[in-house]
Amino acid sequence: MTAPATQPPRPSASAQRLIGTLGGFGVLAGLLIVSVFAATQPRIRANKAAALAAAINEVLAAPEHYDTLYVTADSLSHTLPAGGNAETAEAVYLGWREGRPAGFAIVANGPGFQDNIRLIFGFDAASSQLLGMKVLESKETPGLGDKIYKDAEFVAQFTRVRAPLVGVKEGQGEGLPTELVMITGATISSRALIKAINTTLERVGPLLAAYVPQESQP
Amino acid sequence: MSPRKPTPPSQELIKGVWRENPVLVQLLGLCPALAVTNSVANSLAMSAAVLFVLVGSSLLVSTIKRIVPSDVRISTYILIIATFVTIADMILEASVPAVHKELGAFVALIVVNCIILGRQEAFASRNSVGRSLLDAVGMSIGFTLTMVLMGTVREVLGNGTFLGISVMGPHYEPWVIMILPPGGFLTLGTILLVFSWIKRRGEERAKPATAAAGPAVGKAA
Numbered sequence: 001m002t003a004p005a006t007q008p009p010r011p012s013a014s015a016q017r018l019i020g021t022l023g024g025f026g027v028l029a030g031l032l033i034v035s036v037f038a039a040t041q042p043r044i045r046a047n048k049a050a051a052l053a054a055a056i057n058e059v060l061a062a063p064e065h066y067d068t069l070y071v072t073a074d075s076l077s078h079t080l081p082a083g084g085n086a087e088t089a090e091a092v093y094l095g096w097r098e099g100r101p102a103g104f105a106i107v108a109n110g111p112g113f114q115d116n117i118r119l120i121f122g123f124d125a126a127s128s129q130l131l132g133m134k135v136l137e138s139k140e141t142p143g144l145g146d147k148i149y150k151d152a153e154f155v156a157q158f159t160r161v162r163a164p165l166v167g168v169k170e171g172q173g174e175g176l177p178t179e180l181v182m183i184t185g186a187t188i189s190s191r192a193l194i195k196a197i198n199t200t201l202e203r204v205g206p207l208l209a210a211y212v213p214q215e216s217q218p
Numbered sequence: 001m002s003p004r005k006p007t008p009p010s011q012e013l014i015k016g017v018w019r020e021n022p023v024l025v026q027l028l029g030l031c032p033a034l035a036v037t038n039s040v041a042n043s044l045a046m047s048a049a050v051l052f053v054l055v056g057s058s059l060l061v062s063t064i065k066r067i068v069p070s071d072v073r074i075s076t077y078i079l080i081i082a083t084f085v086t087i088a089d090m091i092l093e094a095s096v097p098a099v100h101k102e103l104g105a106f107v108a109l110i111v112v113n114c115i116i117l118g119r120q121e122a123f124a125s126r127n128s129v130g131r132s133l134l135d136a137v138g139m140s141i142g143f144t145l146t147m148v149l150m151g152t153v154r155e156v157l158g159n160g161t162f163l164g165i166s167v168m169g170p171h172y173e174p175w176v177i178m179i180l181p182p183g184g185f186l187t188l189g190t191i192l193l194v195f196s197w198i199k200r201r202g203e204e205r206a207k208p209a210t211a212a213a214g215p216a217v218g219k220a221a
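Top line first, the protein sequences correspond to chains A and B.
One point on numbering: in my numbering, the residue at position 19 of the first sequence is 19, and numbering is uninterrupted.
One point on numbering: in my numbering, the residue at position 46 of the second sequence is 46, and numbering is uninterrupted.
In isolation and in its complexed conformation, chain A is listed as follows (with noise of 0.2 Å):
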């Protein structure tokens, strides 16, 4: 009886060139990634930079400009606090119409029925009401919970609404200029939106009303 011929097993190959083949490719992965990202920040930026103007054009119906205002611990501040970067520091936006002020755009965020909403509204601190709102990002339920956007009807309310948002039913309200009315079938995404928006200003409100406004230079 012979023994099954077994195939010998294939040297391995020294560790150096494993190393050596990972770490060559690991080098030229990177410079090729970090070439592209050069190449294709400058759009990206752009395109976030458009989609945020865009916003704010839509919520503060067409301002001339505005100005990028840094939330700081007690004001609003046209310089960005020290150590704090661009992108990522909370910002709000004040839109100017022929010399006078036009409102503040606000983004705020609140957890949906399915994920973060994200969104940004108009608002004026001198009569408390909001002058738009548009849901930046939103995973909400398609059919039921996206009419938060979708809805011409409950979009159009939050041109005329007062803050603190106070969130009623269909049929159940007493007429106040603080209410607003809800979807039916998409309630929880409907109270999230008020939410965010009430969470927010609570916290900016106090800075907006004390801010005095100084135009800038479109």
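Derived by calculation from the structure, the hints in this document are not laboratory data.
Source: prediction; values computed, not measured.
A virtual CB, placed ideally from N, CA and C, is assigned to each residue, including glycine.
Hints are supplied without guarantee of correctness; some may be wrong.
[As the list claims (entries may be wrong)] Distance condition first, Cα-Cα at most 30 Å in a straight line; then the derived DSS-like pairs of lysine-lysine: (1) A/Lys150 / B/Lys207; (2) B/Lys101 / A/Lys195; (3) B/Lys101 / A/Lys139; (4) A/Lys134 / B/Lys101; (5) B/Lys101 / A/Lys48.
[As the list claims (entries may be wrong)] To spell it out: a stretch of chain A is covered by chain B in this simulated footprint if at least three of its residues, at any positions, have a beta carbon under 8 Å from a beta carbon of chain B; those stretches are: (6) 44–57; (7) 135–146; (8) 152–158; (9) 196–203.
[Said to hold, decoys possible] Derived CB-CB ranges, DEER-like: (10) B/Ile78 / A/Ser14: 16 to 26 Å; (11) A/Gly23 / B/Leu44: 45 to 55 Å; (12) B/Leu163 / A/Glu170: 27 to 37 Å; (13) A/Gln16 / B/Leu44: 43 to 53 Å; (14) B/Val129 / A/Leu22: 16 to 26 Å; (15) B/Ala105 / A/Ala61: 34 to 44 Å; (16) A/Asp151 / B/Ile78: 21 to 31 Å; (17) A/Ala61 / B/Ile165: 40 to 50 Å.
Got chain A sorted already, so can you dock chain B onto it with the hints?
Same frame as chain A, but now just chain B:
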């Protein structure tokens, strides 16, 4: 025993479309097929990303196959695939930001898509650059056709539109479930059923022809 006849190059291209379709036959890449086919635009964008990664990786892997030691080949393939995926992700974000946002993490997850690594290990690492290119393009076409088919069914039924253009009229009540996750499973299951039925019917039709030609000598397992 006569040596195995080499597959004609045209077959390398065509096989991925039907006979070895990556989704419908090999059942690979099911994660994006279920997750991002809720619209035709998303299906096309994901397919373009897979085409870019699969073709790029196959070209590179088939070129360098002789210099990569066997012990680190999988790590090297993953490194190459991840590089192409990162590049595809950045290009998509720069050129079509809305679609990039819709696809979310699924572009980055192409790194772990079994179609890509599977083709590198099973084909590109054993074949010439030309054949690997044909194989990658064929597999990408097969993937794209399946994705677009699923995207069409789901978008038309679930939203009443095709590429955002209304096709079902103003009185159509969309089947919202079709653009939700269950719609992905329902559509994929139905397409697999129909595909399997067509394939089986073809095999049954071929049987009498084989029997008439003469008795079979042996049967492959």
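Fill in: Hints violated by the structure (numbers, ascending)
1, 8, 9, 11, 16 and 17
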